[in-house]
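This is what each chain is made of:
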Amino acid sequence: MATDLTERVQEIAEARGIPESEILEQALERGVEDLWVDLVLSRYVNDEIDRETAIDLVGRDRVKRAERELQTVEDDVRWGLSA
Amino acid sequence: MILAVADTGPIIHLDEIGVLELLSVIDEVLIPQTVYQELEAGTIPPALESIEYELVEADVTGHDVDLDPGETAALAVASERTAVLLTDDLAARDAANARDVEVHGSIGIIVLAYSRGELAKSEAAKLMRALQAETSLFITDAVVERGIALLDET
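As they're listed, the protein sequences go chains A and B.
Counted from 1, the first sequence has number 39 at position 39 by the UniProt record's numbering; the numbering is strictly sequential.
Counted from 1, the second sequence has number 16 at position 16 by the UniProt record's numbering; the numbering is strictly sequential.
If you are wondering where the hints come from, they were derived from the structure by calculation, not from laboratory data.
List time: in silico DMTMM-like cross-link candidates among lysine to aspartate or glutamate, alpha-carbon distance up to 20 Å:
no.: 1; chain 1: B; residue 1: Lys121; chain 2: A; residue 2: Glu74
no.: 2; chain 1: B; residue 1: Lys126; chain 2: A; residue 2: Asp38
no.: 3; chain 1: B; residue 1: Lys126; chain 2: A; residue 2: Asp75
Next up, chain A with everything else stripped away, as it sits in the complex:
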């Protein structure tokens, strides 16, 4: 895995013609952004923040997608338990 990451960083850096350090910086920013979105959606689906706050923080599309996923997961769990 570490080798894969190293090779990918090298390949991206070469393809874009920018230093590997800059690729790592961008990767960190994207990673933190993803984790932030996960945290906000987690707080929303657990009723710790309201819908409007979640939309303000991560955008309407992400919130709507999470709502749709939640509906399907809850539906699947109930079906699996009762079928």
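Knowing the structure of chain A, use the given hints to seat chain B on it.
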């Protein structure tokens, strides 16, 4: 008795976490030829051999939906045979709901395996997390945790 038609999604996703055999908790599994051909375009999961299923032809006449051919075929068979559609695709789920076809996905199969005694609750929860983390199925991790919490309430 559960009669269900499988789209490619649950077959691929359950195989990706090494539990395709759980599909056998469904009493009768139908796989449209089109879905099988889509699987063949990649690699047929070897574990599919351990499951009893019937290959069926789909008549998609009248099923004018914006889905890929496998999903369309699975929806057509489910509609024709009053079967459950098994898919992990949200658009396919919407199309099924619009046609009053019962629809569920990989998480439903895992939970069904638990309720039929094939898995412990902890194993079911672990597999639900693996679906989110280790497969090509896109699902928000917080949503999976909510599903596990629902399972824990039982």
